[in-house]
Amino acid sequence: MTRPQRPPVLAPTRRRLLWWAGGVSLEALVLTMRPLRADTARVIEIVARRFEFEPEVIPLRVGEEVILQVTSIDYLHGFSIPSLAIRADIAAGQTFRATIRPPRAGTYVIVCDNFCGDEHDDMSGKIVAS
Amino acid sequence: MDFDRRDFLRMGGMGGVVFVSGLAGCTATGAPAGDFYFIQLTDIHWGFNNPNVNPQGEETLPRVIAAVNALEVQPDFVVFTGDLTQTTDDLKVRRARLASFREHASKLKVRDVRYMPGEHDAALDRGEVYAELFEPRFHASFDHKGVHFIVLDNVSDPRVFLGDAQLAWLRSDLAALDKNQRVIVLVHRPLFNLAPDWDWATKDGAKAIELLMPYPNVTVFYGHIYHEHHHRTGHIEHHAAMSTMFPLAPLGSVEKKTQVRWDVAAPFRGLG
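Residue numbers (the working numbering), protein chains in the order written: chain A, 351 to 480; chain B, 26 to 297.
Just so you know, these hints were derived from the structure itself, not from any lab.
Predicted model, so just to flag it, every value in this text is computed and none were measured.
A portion of the hints provided could be inaccurate.
To be verified - Ranges between beta-carbon positions, derived for each pair:
id	chain 1	residue 1	chain 2	residue 2	range
1	A	Val412	B	Ser278	43 to 51 Å
2	B	Ala121	A	Gln444	40 to 48 Å
3	B	His169	A	Pro453	45 to 53 Å
4	A	Ser433	B	Asp198	34 to 42 Å
5	B	Glu262	A	Glu406	34 to 42 Å
6	A	Ser433	B	Arg257	35 to 43 Å
To be verified - Which stretches of chain B does chain A cover? Using the computed rule of at least three CB atoms under 8 Å from a CB of chain A, they are:
id	stretch
7	91 to 103
8	159 to 173
9	216 to 230
Idealized CB from N, CA, C, for every residue including glycine.
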């Protein structure tokens with residue numbers, strides 16, 4: 351008795367290849383879009399130094415997407431916006447970037463949450479969304 | 026323990042006076058109280074210099090030591106829960122302040138005095154100078170009259186972590202205890218997220234609380250926030266004592282942390 355012949359493997363493999371190619375194209379599209387989105391968002395540069403963030407107050411519109419670009423110039427500062435669940439340690443000379451979009455009007459406190467010296471308690475700022 | 030009225034009035038102005046017989050595991054379980062009390066003093070900030078906030082800063086530590094010494098019934102021990110000194114970048118000044126603090130504290134009548142660092146003492150140099158003058162090990166445990174005391178360090182890492190090594194030590198220290206053991210935790214900063222906007226938290230404090238949670242008789246005493254404050258995480262009570270150097274405006278009353286100006290009409294008001 352002869353076994354029934356298996357269907358040719360060409361068709362499924364080709365289908366898989368098509369799915370794979372489609373997936374790659376989609377991923378490529380997403381990857382291409384990321385920098386484009388980042389380019390459209392306003393970048394706000396913030397300097398972290400003992401014992402202040404500069405600027406200390408950042409006014410934004412509700413829903414406005416911006417990139418916070420925070421550079422520490424002198425110490426391992428903490429950069430934390432507790433109400434937006436954003437935080438990072440930023441060593442001297444390092445930069446941290448975070449994209450934010452304030453969901454509602456109000457004040458979002460920025461605080462250095464790494465102890466950095468005598469006037470550490472003064473090292474805070476705020477985003478005011480209106 | 027028998028205290029006269031005068032002693033109780035004197036205690037009213039101190040950082041924290043802890044009667045162990047009133048804590049978890051002593052009243053609820055009916056276990057023998059092992060009746061004793063200890064005094065918690067915190068946030069002394071020796072070397073702080075701002076006459077608008079405290080023009081009598083140099084009197085604060087001698088004053089509180091005299092108050093403790095005046096108690097007819099002396100505490101079993103006194104514990105300083107951190108920020109013994111105001112921080113400084115100058116290592117010589119830090120060393121001098123810590124040494125001066127210790128000299129003053131040596132005038133306490135009670136012989137059992139325990140010291141813990143706060144971030145002002147230990148964060149900027151990861152406790153190097155503090156370790157020279159006090160204990161080199163910042164976390165430890167000891168037993169006193171049936172109570173297991175655990176001292177935790179959430180200050181010598183300036184990023185405000187207990188750290189995995191200390192948490193592993195805590196796990197093994199607790200593992201040796203009976204589940205109903207009375208436990209008192211001494212720590213400088215709150216272990217729970219009291220106010221992250223004001224940096225009143227410990228980033229991995231929740232992990233320590235999780236380790237403590239299986240033990241029904243745990244109480245935590247801490248400082249750092251300059252206020253008396255009481256909070257529960259589950260069945261675990263957390264109590265904060267006032268600073269001896271300056272008060273802060275109450276949480277929520279001002280946008281940023283603000284030291285309260287000295288009130289000539291009511292000197293030392295709000296201080297422990």
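Consistency of the hints with the structure:
Remark: the range hint 43 to 51 Å for Val412(A) to Ser278(B) is contradicted by a beta-carbon distance near 27 Å. A hinted range of 40 to 48 Å is violated for the C-beta pair Ala121(B) and Gln444(A), which are about 34 Å apart. His169(B) and Pro453(A) have their C-beta atoms about 51 Å apart, which keeps the hinted 45 to 53 Å range intact. Range check, Ser433(A) to Asp198(B): Cβ separation about 35 Å, and the 34 to 42 Å hint holds.
Between Glu262(B) and Glu406(A) the Cβ separation comes to about 37 Å, which falls inside the hinted range of 34 to 42 Å. For the pair Ser433(A) and Arg257(B), the beta carbons lie near 24 Å from each other, so the given range of 35 to 43 Å is not met. Here's how the stretch 91 to 103 of chain B fares: 0 of its residues keep a CB closer than 8 Å to some CB of chain A, so the rule of at least three is not met and the hint is violated. Counting residues of the stretch 159 to 173 of chain B whose CB falls under 8 Å from any CB of chain A gives 0; the rule of at least 3 is not met.
With 6 residues having a beta carbon nearer than 8 Å to a beta carbon of chain A, the stretch 216 to 230 of chain B meets the requirement of three or more and the stated coverage holds.
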